[in-house]
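Number of protein chains: 2
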Amino acid sequence: MASSLGPYIYCTSVGHRVHFASLSSRPTTAATTAAPRSLATKTRVAIVAAAHRLRLPPPKVMEVEPSLAPSAEPAVAAAFDFKGYMLEKAVAVNSALDAAVPLAHPKRIHEAMRYSLLAGGKRVRPVLCLAACDVAGGRESQAMPAAVAVEMIHTMSLIHDDLPCMDDDDLRRGRPSCHRAFDEATAVLAGDALLALAFGHLSDLTCYPADGSVSPDQIVRAVGELARCVGAEGLVAGQVADLEATGLGTPVNQEQLEFIHLHKTAVLLEASVVIGAIVGGASDDQIERLRKYARCIGLLFQVVDDILDVTKSSEELGKTAGKDLASDKTTYPKLLGLEKSREFAEELLKESRSQLSGFDAIKIAPLVHLADYIAYRQK
Amino acid sequence: MASSLGPYIYCTSVGHRVHFASLSSRPTTAATTAAPRSLATKTRVAIVAAAHRLRLPPPKVMEVEPSLAPSAEPAVAAAFDFKGYMLEKAVAVNSALDAAVPLAHPKRIHEAMRYSLLAGGKRVRPVLCLAACDVAGGRESQAMPAAVAVEMIHTMSLIHDDLPCMDDDDLRRGRPSCHRAFDEATAVLAGDALLALAFGHLSDLTCYPADGSVSPDQIVRAVGELARCVGAEGLVAGQVADLEATGLGTPVNQEQLEFIHLHKTAVLLEASVVIGAIVGGASDDQIERLRKYARCIGLLFQVVDDILDVTKSSEELGKTAGKDLASDKTTYPKLLGLEKSREFAEELLKESRSQLSGFDAIKIAPLVHLADYIAYRQK
Chain C
1 MASSLGPYIY CTSVGHRVHF ASLSSRPTTA ATTAAPRSLA TKTRVAIVAA
51 AHRLRLPPPK VMEVEPSLAP SAEPAVAAAF DFKGYMLEKA VAVNSALDAA
101 VPLAHPKRIH EAMRYSLLAG GKRVRPVLCL AACDVAGGRE SQAMPAAVAV
151 EMIHTMSLIH DDLPCMDDDD LRRGRPSCHR AFDEATAVLA GDALLALAFG
201 HLSDLTCYPA DGSVSPDQIV RAVGELARCV GAEGLVAGQV ADLEATGLGT
251 PVNQEQLEFI HLHKTAVLLE ASVVIGAIVG GASDDQIERL RKYARCIGLL
301 FQVVDDILDV TKSSEELGKT AGKDLASDKT TYPKLLGLEK SREFAEELLK
351 ESRSQLSGFD AIKIAPLVHL ADYIAYRQK
Chain W
1 MASSLGPYIY CTSVGHRVHF ASLSSRPTTA ATTAAPRSLA TKTRVAIVAA
51 AHRLRLPPPK VMEVEPSLAP SAEPAVAAAF DFKGYMLEKA VAVNSALDAA
101 VPLAHPKRIH EAMRYSLLAG GKRVRPVLCL AACDVAGGRE SQAMPAAVAV
151 EMIHTMSLIH DDLPCMDDDD LRRGRPSCHR AFDEATAVLA GDALLALAFG
201 HLSDLTCYPA DGSVSPDQIV RAVGELARCV GAEGLVAGQV ADLEATGLGT
251 PVNQEQLEFI HLHKTAVLLE ASVVIGAIVG GASDDQIERL RKYARCIGLL
301 FQVVDDILDV TKSSEELGKT AGKDLASDKT TYPKLLGLEK SREFAEELLK
351 ESRSQLSGFD AIKIAPLVHL ADYIAYRQK
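Residue numbers (the UniProt record's numbering), protein chains in the order written: chain C, 1 to 379; chain W, 1 to 379.
Warning: the hint list may mix true and false statements.
Said to hold, decoys possible - Computed footprint of chain C on chain W, listed as stretches where at least three residues anywhere in the stretch have a Cβ under 8 Å from a Cβ of chain C:
no. : stretch
1   : 124 to 138
2   : 157 to 166
3   : 172 to 185
4   : 287 to 299
5   : 347 to 360
What the hints assert, rightly or not - Derived EDC-like pairs (lysine to aspartate or glutamate); straight-line CA-CA distance at most 16 Å:
no. : chain 1 : residue 1 : chain 2 : residue 2
6   : W       : 107       : C       : 244
7   : W       : 122       : W       : 372
8   : C       : 379       : C       : 285
9   : C       : 107       : W       : 372
10  : W       : 89        : W       : 111
11  : C       : 363       : C       : 184
Worth flagging that the hints you see were computed from the coordinates, not collected in a lab.
Only a predicted model underlies this, so the values are computations on that prediction, with no experimental measurement involved.
Cβ coordinates follow ideal geometry from the N, Cα and C atoms, glycine included.
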């Protein structure tokens, strides 16, 4: 399993701002000579993630002076119609999802899969996938099988996370959750089937353009990336850590919270972007920059989710609100306070943008606006 | 999704003997001129499976005269040390499984995955995979990632099937089932993680020989085959149909029972053999013959399982015995009686052998003996 992060990672931080500065397998001179004492707050996001990926004990945090220069924000055409773009892509994705799960025999399981998969939602992950493919120079048709696959994975994780033995949630996307609308057994199996179907769809050569613009090598790489993001190094790790933390009865610290969120949320956004980039023909360097962009917006997504949970109603969210507050679950607002959480979100947003510098300014517009959307969404 | 069976399938039957005779997309003259009226019993296994695969309504069963000639039984060296072969392969598979799931963080989920995955078992599926690769002319190292993957899928299906909301089984492989040894949430997640890891392992190029003897094309095809066998066309379809049938309170007919078994059991044996053949470099024709062999032994496996459930004790089986009898679950012994069930098993065994004729007589020894083992096992 390749990792983008080496065992030595230098991060600079202002408040909770993350700078993925120098990622190498050995300390660099610049980094080791830096004096970190003046830094008040440290962010261990990248370090913890890297250590986990490499199955190493948490490495020592080595810091360098923070960059005082404002992060390079790419010039994006202000005229970009983000709403129209999202709508257009969501329609295309919904159509592909609908076609990918026809109402076959046995009917009940296909109904359950379709119930959860076609329940709406903003299709953030598939759109990220399509947008990353575009940034890499690929066409939409190259990334659509992957876009469908990541949404299937997202849906299956929601179905299983909502189960009574897990988060026990009755409401999802404004409707009864899958095990409420059907039954527990069907929900478990619908999740399993969607998980398998995601890989089936991603590896189905008939779903790709006939011109061979996506090679079997790229598909194999995409399958590996998707598998890693679901398993015990990804979504499952996040859910396990979350359940363990909830059961502890004591608040977790920021490092543990970041582990949960990086795995429970960020990995799938990361996989969506990276797989889109792979099938779009991105270079390794481009893939790694897009991976870091995605990791930032992944963490951002969860920080914002935590904020919304305490600031919005169930009706506004379309799911049970205030649940984190009622439970003993640690969230960013509980850990940092609401204001600091918002600052952290802002810093992550800026960092995500800086990773996009160097790409085509026009083509990155959807990714820039998607990050903004994740940051400023109201549900 | 490619299917080995066209919409027109001609089967001949004597008693419950299945003959996969002519598999084509159009009726052949020989078939359409045949007079089926003299046949007392019909077997719809292939027809139902094909219709389901192609998402068609059940096709008309068109029959041809039964073959009166005995099936060609390949000459197998009587000296073949099957016990030694199984032991040697199981040791290699166990070692690969152990290495594939190291005890990483978060510990509990990896413990649960290892608990179920390394609980012993006969490793029939991985051995089938390795043996099919050998028959196709490949080396063991080419098939080991696939062998590991199919055992992961098998284990995940057992973990989820044992859940309280499914078959609610406390005992598995002679030990508490996963949700009993750990908890329900961990069992759901361990299953999910193993499912994802199976695809991760199968698509991990570093797991294959460095000489490129397994190409990305072969891996993509293998991933597709594995995905199909798990999802709503495979294991999940079988489990759903099984749960529905159990809930009916009325016995299902033989057609429904065959649907359940072909999907709940046969598909994974089929995938094991087919994927082994793919990575071993088999031709399409060879793959399809091995697929039919596997489908026969898959159904055989379940018929024998049903027989063992009523003839053996829990201690002898290492799992709860007599469960099918106590429940309203339809089984072959209930449907056909014990004697007819045994005859059916015998016919399936013979048919499986006939599919192996034409392959290297020495190399098929493990597959011939594996079929015998499945037929004559005592637990």
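So, going through the hints one by one against the coordinates:
1. 124 to 138: This one is violated; 0 residues, fewer than the three required, reach chain C with a Cβ under 8 Å.
2. 157 to 166: Coverage by chain C holds here, the residue count being 4 at a Cβ distance below 8 Å.
3. 172 to 185: That given contact holds, which follows from 3 residues of the stretch 172 to 185 of chain W lying within Cβ reach (below 8 Å) of chain C.
4. 287 to 299: violated (count 0)
5. 347 to 360: Contact hint for the stretch 347 to 360 of chain W vs chain C: violated, 0 residues under 8 Å.
6. W/107 / C/244: Since the Cα atoms of residue 107 of chain W and residue 244 of chain C sit roughly 11 Å apart, the hinted pair holds (cutoff 16 Å).
7. W/122 / W/372: Holds: residue 122 of chain W and residue 372 of chain W sit about 14 Å apart, inside 16 Å.
8. C/379 / C/285: At roughly 34 Å apart (the allowed maximum being 16 Å), residue 285 of chain C and residue 379 of chain C break the hint.
9. C/107 / W/372: Violated. Residue 107 of chain C to residue 372 of chain W sits at ~36 Å, over the 16 Å cutoff.
10. W/89 / W/111: violated (24 Å)
11. C/363 / C/184: Roughly 43 Å between the alpha carbons, so the hint for residue 363 of chain C and residue 184 of chain C is violated.
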